[in-house]
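Chemist: Offset between the sequence shown (1-based) and my numbering: plus 505.
Check before you lean on any hint, since a few could be wrong.
[Claimed, not checked] Restraint ranges, calculated between C-beta atoms of paired labels, are given here:
hint, residue 1, residue 2, range
1, Glu823, Glu534, 49 to 55 Å
2, Glu748, Arg655, 21 to 27 Å
3, Asp559, Thr529, 46 to 52 Å
4, Lys725, Val591, 29 to 35 Å
5, Lys833, Gln581, 52 to 58 Å
6, Asn528, Asp709, 36 to 42 Å
7, Asp830, Arg552, 47 to 53 Å
8, Thr831, Asp559, 41 to 47 Å
9, Glu544, Glu645, 25 to 31 Å
10, Lys839, Lys659, 26 to 32 Å
11, Phe660, Leu806, 34 to 40 Å
Honestly, the hints are just simulated from the structure, not real lab data.
The structure displayed is predicted, hence computed values, not measured ones.
C-beta atoms are modelled at their ideal positions from N, C-alpha and C, and glycine is treated no differently.
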Amino acid sequence: MIFRFSAMGDVAMTVPVLQALLNTYDDMEIVVVSRPFFEPFFKNLPRTEFIGVDLKQKYKSLLGLFRLYRFLKTKQPDAIADLHDVLRTKILRTFFRLGGFSKIAVIDKGRAEKKALTRFQNKILKPLKTTHQRYAKVFEKLGYPVDLKRFEPKFTNLSNQVKLFLAPLSDKKIIGIAPFAAHEGKQYPIEKIKETIHLLLKKDDKIVILLFGGGNREKKLLDELEQIDRNRIVNVAGVFSFEEELQIISRLQVMLSMDSGNGHLAALFGVPVVTIWGATHPYAGFAPFNQPAENQILPDLKQFPQLPTSVYGNKTFEGFEKVWDTIKPDEVAKAIENIIY
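Between the sequences and the hints, there should be enough to build the whole structure, so can you do that?
Modeler: Structure below.
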């Protein structure tokens, strides 16, 4: 039984690890406990039961978590993997231990290492374990070592609506762009995204760009980007269900993403991901799965030695906006072109 409630990118990063695990142990069955919204991530996994839990209402209090524990123990898990290690999962672990379950392992998030990586002074800039490796270590503690090379990307089946949408694009080079992130410290300025789009469209008339995002404000900005060339740019936000968006992502030639969830979604299907980094850094371990170093576009760390400032992108500094000037749109476009040509 596996706990991982949020955030989207972190939940998505469990999938390559779980698939590698299932490919290694043919008799293993998995129960994933997470938020209902994330269920589509796990539909391609064999021998996997997904339990979506409402943590805002039904299971939100201590009593609610006890009710959740009583329900989960009916699944009679042989082992429990806590891939989240937050207050809720600590409480659930305690209930299971008090109930006689001893085979429990929890993720080591490497908080001290990450603090050393992101502090402003005496920074230790070195690659840490990836989040995927940290997840795999949890299963090793439980007696199930896993080789992440056992991951095999799988296409998801397409709905009729997605088939109709993609049919006219069969001879096109389809690029996904997800220009948003949870914090401004991770978000490449929209004007530079526009410049990047212009460069890509100018390169090849076979290029089509699909825009991904969510929320009313983001949708308005995506609509604005779509106006650059409505014949070759499509804003898919709000048009398809989340599961259908995953289906579309699985058919991209490349995804351009910030350090955010959409890059991890594309990596689930083996889609090359070009990631733009700002306040964060791939050394913290959150790069999309199996993506090479050349796909990671970084600002000038010599000019801005304060970077990275945060694991989450929520901490910046005065004059941070100048960081983005060290990542040129033509550098971004070139990284994408190197993949599709």
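Chemist: Would you mind marking each hint as holding or not holding in the structure?
Modeler: How the hints compare with the structure:
1. Glu823 with Glu534: 49 to 55 Å: holds, 53 Å
2. Glu748 with Arg655: 21 to 27 Å: Holds: the Cβ-Cβ distance is about 25 Å, inside 21 to 27 Å.
3. Asp559 with Thr529: 46 to 52 Å: violated, 32 Å
4. Lys725 with Val591: 29 to 35 Å: holds, 33 Å
5. Lys833 with Gln581: 52 to 58 Å: For glutamine 581 against lysine 833, whose Cβ atoms are near 56 Å apart, the range 52 to 58 Å holds.
6. Asn528 with Asp709: 36 to 42 Å: At 37 Å between Cβs, range holds.
7. Asp830 with Arg552: 47 to 53 Å: holds, 50 Å
8. Thr831 with Asp559: 41 to 47 Å: holds, 44 Å
9. Glu544 with Glu645: 25 to 31 Å: holds, 27 Å
10. Lys839 with Lys659: 26 to 32 Å: For lysine 659 against lysine 839, whose Cβ atoms are near 30 Å apart, the range 26 to 32 Å holds.
11. Phe660 with Leu806: 34 to 40 Å: holds, 37 Å
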